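All chains, full assembly: derive it from the sequences and hints.
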Amino acid sequence: SYKEKNIEFLINKTVTKILPKENTVITSTGENFSYKKLLITTGGDSKKLNKYKNEHYMQTIDDADGIIKDLNGAKKGVVIGSGFISLEFLEIFLKNNLPTTLCVSAKGFWGSILDKRISEIIENCLRKNGVTINTGTTPDFVEQENVFLGVGIGIDPNKNFFLDCGLSFENGLIADSTLKTNFENIY
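All letters in the sequence shown, in the order written, are residues 1 to 187 by this note's numbering.
One or more of the hints may lead you astray.
Said to hold, decoys possible - The calculated lysine-lysine pairs, modelled on DSS-like cross-linking and capped at a C-alpha distance of 25 Å, are:
#1 K51 with K13
#2 K21 with K37
#3 K128 with K37
#4 K3 with K13
#5 K21 with K180
#6 K76 with K47
#7 K37 with K69
Rather than coming from a laboratory, the hints here were simulated on the basis of the structure.
Small disclaimer: the values here were computed from a predicted structure and weren't measured.
Quick look at the structure:
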């Protein structure tokens with residue numbers, strides 16, 4: 001348990017600033033919390049296509065309710081993107097025996113973070129499980145009435161509270177193989 005490991009779990013607190021040199025975080029209510037080690041797990045907001053009328057995202061309870069409701073009339077499943085949520089949509093479609101198409105960039109599944117060989121291994125596994133993969137294109141039927149469209153193109157991380165504190169950030173926090181950032185006690 002958290003208590004046994006001397007971890008304090010705080011809910012309903014919004015961190016607005018990190019002071020790494022003081023080992024302190026500040027919340028929106030002005031409370032200060034000191035830390036020995038800090039794990040940053042900010043989450044984010046789903047990136048949106050805003051291109052098709054039948055787009056579905058998977059981040060909130062309302063999203064999940066909409067997925068359950070709209071899945072009933074679906075005859076085909078299409079997933080755009082190669083984020084983690086794409087895998088969730090693929091699993092839903094395959095478990096519901098929907099013909100399933102995955103649309104990814106020309107680089108392939110996770111092609112921007114994995115080398116081509118690993119991307120091809122993942123794609124071959126998906127194909128063996130019945131997924132049709134469109135690389136660099138979206139099928140014409142994507143907006144048909146009976147097509148369920150799941151979008152998993154990643155997130156925009158919640159980062160405003162730590163951008164000015166000295167943490168290294170590019171497309172996300174920069175960390176080593178142990179998740180350590182450029183500060184010895186921030187992960």
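Earlier hints that do not hold, by number: As far as the earlier hints go, 1, 3 and 7 are violated by this structure, in ascending order.
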